[in-house]
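Each chain, written out:
There are 2 protein chains.
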Amino acid sequence: MDKLQDIIAKITPLDDNIMTKVQTRLDTLTKPIGSLGALESLAKQFVGARKTLTPAAPHKAIVLMAADHGVAIENVSAYPQEVTEQMIYNFCSGGAAINVLAKHTNADLILVDVGVTAELPAHLPILHRKVRHGTNNIRCGAAMSETDVMQAIHIGVDIANSLIDNGIQVIGLGEMGIGNTTVSSAIASVLMDKSPSEVTGVGTGLDDKLLAHKVNVVSEAIAINNPNANDVIDVLTKVGGLEIASLTGVILAGACRNVLIIIDGFIASTAALAAYRLCPDVKDYFIAAHLSPEPGHNVILQELSLTPLLYLQMRLGEGTGAALGMTILDASLKILNEMATFDEAKVASALTD
Amino acid sequence: MDKLQDIIAKITPLDDNIMTKVQTRLDTLTKPIGSLGALESLAKQFVGARKTLTPAAPHKAIVLMAADHGVAIENVSAYPQEVTEQMIYNFCSGGAAINVLAKHTNADLILVDVGVTAELPAHLPILHRKVRHGTNNIRCGAAMSETDVMQAIHIGVDIANSLIDNGIQVIGLGEMGIGNTTVSSAIASVLMDKSPSEVTGVGTGLDDKLLAHKVNVVSEAIAINNPNANDVIDVLTKVGGLEIASLTGVILAGACRNVLIIIDGFIASTAALAAYRLCPDVKDYFIAAHLSPEPGHNVILQELSLTPLLYLQMRLGEGTGAALGMTILDASLKILNEMATFDEAKVASALTD
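Protein chains in written order, with our numbering: chain D, 996 to 1348; chain H, 996 to 1348.
Chain D with its partners taken away, still in its complex shape (with noise of 0.2 Å):
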C-alpha cells in the first residue's frame, strides 16, 4: 500500500488561478460569454490540470484492460466467458468497435491482459500483465486475495505512468470481461449503499427472468462475502474484478501526474468510483464521456456529480464511449487555441458587458 499511498497524497486539485485566466481568455472570444458550454468547461478542466494557457492537441490513449469472472459460470451474461478471449483476437486484428473509435479519434489503444483465463501467446500486440486466470465466483466466496488486488492496481499504475512517460496527456478507460457488470454491480451496491437491483442492469442483453436472475447473483455475492464499505480494497478482494482494479490504479496515476480521465460506461466508473473513495480530489481530473442506459451508469455518475456529455444509448464498454468523449475534448482545446477574440476580429463586445 505504500506507494498507492504515495500517489494519493500527491492527487492535487486542477489550477484555480490558472483556470481563471482560462476562463478569461474564453470571454474576450468571439461568441456570447459561456455560450460554448461544456466545449468551455473542458477546455478550462484540460488547462486545469496540465498547467499551461497554452495546451497543445493532446496526445490520447485508451486503456483497455481485460479479465475474466468466476462470475460468468452463473448464467449473467448473454456471453459464454469465451468470448473474452476471442475479442482480444479481434482488438488485434482491428476489428472491434474500439479499434473503429479509438481510430476515429486519434488515440492510441493499449490491450492488456490482466486476468484472462485463456493463455495468450506471446506475440499478441498486448501487454501480457495477468495476475491470474480469472477471478473466483463470487456468489461462492471472495473474487481474489488482497495481495491480487494491490498487484492489479499497481499495473494500471505503471502502465499509466509508462504512458504518460511517453507524452500521453488523456486517458480513457476501456475494459473487456464476460461477467463484467455482475461484478460491477456488486461493487456499485456496496459502496454506495444502494440495493442491487437500483445498480443491476441487462448488461449485454438479458430478458427479464435472467435480470431477476443476476440481480439474486449479485446479492448473494454481496451476503456470502459481506465487504466492508468503508474499504476499498476490500471491496474489490471479495467482489471485483481485475480489470476494475487495474483501471483503479491508472485512474489513480494519471490524476496524480496531470492527465485526464475519460470514464466509459457502468464498468468503467466502478474503477472511477473506487478511485473517488481512495481519493475524492481524483474526481477533477474525471470527464464522463456519456451515459449509459445501465442503470448503475448513472447512480455512480450522480454519486459523483458528473454530467455525460453524450447520451447515444450504448452499452457496449470497451472503452467506445470514452472515444467518442474524446472528440469533444479535442474540439474544445480548438475552440481555445483557435478562435479569435472581440479586438481581433473587430466585433463588438455585449452591451451588457
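Simulated from the structure, these hints should not be mistaken for lab results.
Incorrect hints may have been included.
In silico EDC-like links for lysine to aspartate or glutamate, alpha-carbon gap of 16 Å or less [to be verified]:
no.	chain 1	residue 1	chain 2	residue 2
1	H	Lys1005	H	Asp1276
2	D	Lys1341	H	Glu1077
3	H	Lys1098	D	Glu1080
4	D	Lys1341	H	Glu1080
5	D	Lys1189	D	Glu1333
6	D	Lys1016	D	Asp1001
7	D	Lys1098	H	Glu1298
8	H	Lys1341	D	Asp1229
9	H	Lys1189	H	Glu1298
10	H	Lys1341	H	Asp1022
11	H	Lys1278	H	Glu1298
12	D	Lys1098	D	Asp1325
13	H	Lys1341	D	Glu1080
14	H	Lys1098	D	Glu1077
15	D	Lys1098	H	Glu1333
16	H	Lys1189	H	Glu1215
Distance ranges between label pairs, derived from CB positions [what the hints assert, rightly or not]:
no.	chain 1	residue 1	chain 2	residue 2	range
17	H	Pro1116	D	Ala1052	44 to 52 Å
18	D	Thr1047	H	Lys1016	46 to 54 Å
19	D	Asn1131	H	Gln1018	33 to 41 Å
20	D	Ala1004	H	Pro1120	20 to 28 Å
21	D	His1054	H	Asn1225	54 to 62 Å
22	D	Tyr1084	H	Asp1160	44 to 52 Å
23	H	Thr1336	D	Asp1160	33 to 41 Å
All C-beta atoms in this analysis are idealised placements derived from N, C-alpha and C, irrespective of residue type, glycine included.
Place chain H on chain D using the hints.
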C-alpha cells in the same frame, strides 16, 4: 409555389427495405445486438436515405445563412445589430467557433448573405444572395412580403441543390443574425400553439428583466400580425426571418435528394419545424445534434420526436452543434464499414440468439 410543391411531392420516407438489411448487417458485427445505440440508428438512417448498403465517408457541408432582423431595435439581444455584419467578416477570416468546429469535423462551410442589413463587399468569400436589407420590426407589422419569403426559400433550395450536385451528402444548418432567437420564439409559439414564455429564452444572454421584455415583444409581434398557424408561409412572412426561410428551403431540397439534415440549435430547429409542417416526411432526414438550453429548442425537438445526441449546454448557433453532431454520424458509418463480423473474427455470438 409551384417549384416548391414539386420538391415536396418528391420527398419520400427512408427506404425500409435497405434499413432492414443494414440492421441485419449491424447485428452480425462483434458487439451485443443494439449495444451501439444511436451509432447504429444513425448508420441505418444514412443508409436508408442514401439507398446504398456500402456508404463511403460522407462529404459534409454546413450552410450558414446570415440575415438581420428589424426587431433587433427592441433591445431583445445582448449584442447590437452590427455584430451580424462583423461576424461575417470573422467567419471569412476563420476566427469564429463554426470555423474551428467545421474544420474539426472536416465539413465545408458555406456562408450566405440572405439578408444582412449592411452592404457586404463582393470580394468576400460568401454567397451574395441578399433578398433585402434585413426584415421589418415584427413588433410593428409583417417581417417581409410573401414574395421575399418565397425568394429566400428558393435561395436555400438552389444552394442545397448546388452542394448536392457537387457531392455533398450531409448538410448541417447554421445561422447568424442578431435578434433571431426572438423571431424563432414567435415562429415556434405560433406553429405549436405555445405561449411565448414557453419558447422564449435568454438568447445570447439577457437578465430576467430583459427576458420578460423579450417575451412581451414576442407576444406583441404575434398579436399585431395575427399569423395563420396553418399556413407556414404566412407565419414566416409575418414573424419570420430570411435565414430561417432559406434554411427551410435547404431542408426541403436536401430531403428531396436523400441528404440527411443535421439540425443545430433553437433557430435552426424552427426551420426544421417549418419544413416539417410543409412536408411531414422530411422528418426522416433529421438528426438532432444537440440540446440547447434555449427552452424553445427542447419543445420543438419533442414536437418532432427527435432525441438529441449531445448535451453540451451550447447556445451559440452558427451550426456549431451540427458540426459536433457530424463527428458522431461519421463514427457511425465507420462502425458499419470497418467492424468485423462474428464470423470474420471467430467470436461466439450471443447464447440467447
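Earlier hints that do not hold, by number: 3, 5, 6, 7, 8, 14, 17, 20
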